[in-house]
Each structure stands twice: as C-alpha cells, then as structure tokens.
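Undergrad: Mapping the sequence shown onto UniProt numbering, position 123 (from 1) lands on 123, and the numbers just tick up by one.
By construction, these hints were calculated from the structure, which means they are not laboratory data. Careful, some of the hints might be misleading.
[As the list claims (entries may be wrong)] Derived DEER-like restraints, expressed as beta-carbon distance ranges:
1. E54 x P161: 20 to 30 Å
2. E66 x S102: 20 to 30 Å
3. G68 x A137: 31 to 41 Å
Beta carbons are placed, not taken as given, at the ideal position from N, Cα and C, and that holds for glycine.
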Amino acid sequence: MGSAGAEVDGPARTVRRRRTRARVSTSRPVVGVGIVVERADGRILLGRRVKPTEPETWCLPGGHLEAGETIEQAAARECFEESGIADLAETAGFTVVVDAGSHRGGVVFGVHARSTGIPTGPGEPHIFPEWVWVDPADLPRPLFPASDALLRAWTGATPDPAWQVHRITGG
Numbered sequence: 001m002g003s004a005g006a007e008v009d010g011p012a013r014t015v016r017r018r019r020t021r022a023r024v025s026t027s028r029p030v031v032g033v034g035i036v037v038e039r040a041d042g043r044i045l046l047g048r049r050v051k052p053t054e055p056e057t058w059c060l061p062g063g064h065l066e067a068g069e070t071i072e073q074a075a076a077r078e079c080f081e082e083s084g085i086a087d088l089a090e091t092a093g094f095t096v097v098v099d100a101g102s103h104r105g106g107v108v109f110g111v112h113a114r115s116t117g118i119p120t121g122p123g124e125p126h127i128f129p130e131w132v133w134v135d136p137a138d139l140p141r142p143l144f145p146a147s148d149a150l151l152r153a154w155t156g157a158t159p160d161p162a163w164q165v166h167r168i169t170g171g
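Could you put together the complete structure from these sequences and hints?
TA: Shown next, in the form of structure tokens:
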C-alpha cells in the first residue's frame, strides 16, 4: 500500500486510487427563533398549529431567522406575521436550545417579551387557525417540540433529554 490510500501493483507499479466517500450530511442546521409573549396577568400566547403532514400541536410564535436580523427582530417579525401582535416590550433573548436528537440539529433562540396586544387574527390561517392566551401552569398538549423545549427553559422545568439548553445571561 502506497501513500494517500493508493494501492501499488507489482513491477509495473500500476497505481489505483481507492475511492473513499465520507458520509457528510447535506442538510444544514436550521436556525430558528421562538417568542414567549407574556401579558401582565402572566398568560402567554400559543397558536394551534395545523399542517397536513404533521400532528396538530400548540406552538409559540416563531420561525426562521432571516439574514441580517437580530434574534429580537426575527421574533417580533414572526410574532406579527403569525398572530398580528406588534406591541412588544422588554424583548430579550433568554435561551438557546439545540435539537440534539434530530438529524437536522436545529438551533432555536428563545426570546421573551411583554405585550398588551390582542391577536388580530392569524396571518397564516392555514397553519395557525387560532391564537389563545394560556396559563403557563396549564399548557395545552401536545406542544410543538421546539416550543416545549423553550417553555421548559423559560419556566425552569426539566429539559427533554433530546434538547440541549444553553441559557443566555446578561450581556
């Protein structure tokens, strides 16, 4: 055997390269954001998420980070696009959760904000037919996995072992 994975044959010294393929995933991790919108009475905003290829779940407003956005800007944009709520105050990131149990390895930033707003109606009614204010101690089930991970981090509950939780501290 020669160098660099080549095989060398007899006196003629024919060189054949062994073909090796590294198994590299072509998918890249998705970078997302979810926002815990809290009213003065402590209730938080959740949407009923309905997609034809997925089980129905309850979900925080959120979505993908777009180029050039801060996590707070992405959270505010997604909240407005999905629920119609635009009056957000005291907006700040509080955690990053990583879906370590998924082949895609999604990364989701958690943002918290206060609001006095009323959902003006779903901006994506085919996905979110309704938005409701709920008591965080009495959440509807099932929750969308990323929303569940963010809410566990926000409330201090034990995280699901499939998710890594990284708290954001003052900055």
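Undergrad: Work down the list of hints and note, for each, if the structure agrees.
TA: Here's how the hints hold up against the structure:
no. : hint                   : in the structure
1   : E54 x P161: 20 to 30 Å : holds, 22 Å
2   : E66 x S102: 20 to 30 Å : holds, 22 Å
3   : G68 x A137: 31 to 41 Å : holds, 38 Å
When the structure is compared with the earlier hints, no violation turns up for any of them.
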